[in-house]
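Undergrad: Listed below are the residues making up each chain.
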Amino acid sequence: MIHYDDETLMRRVDGELTPEAGALIDAAAAADPAIAARLATLRSLRSLAREALPLVPDPRDRDLARLIAAAPTSPPLAARMSEALRIAFAPRHAPLWGGLAAACFVLGLSFGWLSAGGSNSGFTVGPQGQIADAALVRVLDTRLTADGADAEGRSVGLTFRDADDRWCRTFQSGEAGVAGLACREADAWGLEALAPFQPAAGDLRTASADIPAPILAAVDAALAADPLDATAEARARDAGWN
Amino acid sequence: MDDFQTGLVDLLPRLRRFARVLARSDADAHDLVQETVERALAKRGGFRPGTRLDSWAFTIMRRIFIDQTRSNARWARVVAPADERTPDIADAALAGEDLRADALAVRDALQALPDDQRIAVALVLIDGLSYAEAAAVMGVPAGTLTSRLVRGRQALIRTLAEQGVSA
Chain Z
3 MIHYDDETLM RRVDGELTPE AGALIDAAAA ADPAIAARLA TLRSLRSLAR
53 EALPLVPDPR DRDLARLIAA APTSPPLAAR MSEALRIAFA PRHAPLWGGL
103 AAACFVLGLS FGWLSAGGSN SGFTVGPQGQ IADAALVRVL DTRLTADGAD
153 AEGRSVGLTF RDADDRWCRT FQSGEAGVAG LACREADAWG LEALAPFQPA
203 AGDLRTASAD IPAPILAAVD AALAADPLDA TAEARARDAG WN
Chain D
47 MDDFQTGLVD LLPRLRRFAR VLARSDADAH DLVQETVERA LAKRGGFRPG
97 TRLDSWAFTI MRRIFIDQTR SNARWARVVA PADERTPDIA DAALAGEDLR
147 ADALAVRDAL QALPDDQRIA VALVLIDGLS YAEAAAVMGV PAGTLTSRLV
197 RGRQALIRTL AEQGVSA
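Protein chains in written order, with my numbering: chain Z, 3 to 244; chain D, 47 to 213.
Bound conformation, chain Z alone:
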């Protein structure tokens, strides 16, 4: 006679066994009243528990439903963002951005990237939304906000944790003409939001003028804690985004 532990019988009752394994248990129960009794106890506990906590309509759910219906589809930008953005894109980077803007203007590489289908820039995204552009992955892996932009105008903006505890970073790619939000999952950066991006030309400006509104909205919706300061950002990078 085979001995079945509680976990195996529990899996049978919860439908977590393959049909073949389940049939084996059922055959054993048919031959052994003790196994049959243990299965019956588990099934009975399950129905008792459901009976004790029934799904009942609650009058207070109506108020909650109204709250849900009244919620904006795209949450407003939180005030705390502006300070973080100001720090993230301190004015000392302005000349660099200005130069980039001029380059983009001359080369005509600003908008139109998205409508062109993205095939001309080498900026590719895998089937699960993971960023496959090696250069951009390197920027997201290693670059700090304080480093500013690399030779191709790629830079990182905000770094923060989202509600799922993933690391997220905003990026801008001046040459590709896009800005986006990427979050790290299973050792890859997944693209959460992407928008056309044109570095503004000329004088000093705040970062919020540089990060396109759709990206800011995505950041605001995903943000679970305040964005990192420069020290914490460097520490998170050095720890390999774990």
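It should be emphasised that the hints constitute simulated quantities derived from the structure, not laboratory data.
Ideal Cβ positions, reconstructed from N, Cα and C, are used throughout, including at glycine.
It cannot be assumed that every hint is accurate.
What the hints assert, rightly or not - Residues on chain D that point at chain Z, a partial pick, calculated with CB under 7 angstroms:
hint, residue
1, M47
2, R62
3, R63
Using the hints provided, position chain D relative to the given structure of chain Z.
TA: Relative to the frame of chain Z, chain D by itself:
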């Protein structure tokens, strides 16, 4: 309302049931549902369309509950409140529920379980999530989920047997 909002409204009864297993009183359970809804609305950007809204919302509620439990524990060390446990029977009566004695015994037995086991039992036994979904909501490996589930069930069966309820 968009799909996200409709989905959340449809989830309310299940969220409330999960909250009633987690919380010690009906009022606490309601607060838990309310906070979960508010956080879900604020963090809706964190929900990826195409994934399961129920698991996502349950995860939010589980996190809020654990955070509250931790801060309550800190608070209890300072003030040691006398009314820590509001009797569940009073709540059932308040809510006008006509439950059999067996059902009340099951609720009490559930409340006596450690949080980890109670959450596992609530997700799998009561809500009917698969082991994989429940493990994801709890943020633990599948093996941890099954061992919590086994121990939780064994404790429930033992407690109910002692009270003469035949599970």
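Undergrad: Of the numbered hints stated earlier in the document, which are not met by this structure?
TA: No numbers; nothing is violated.
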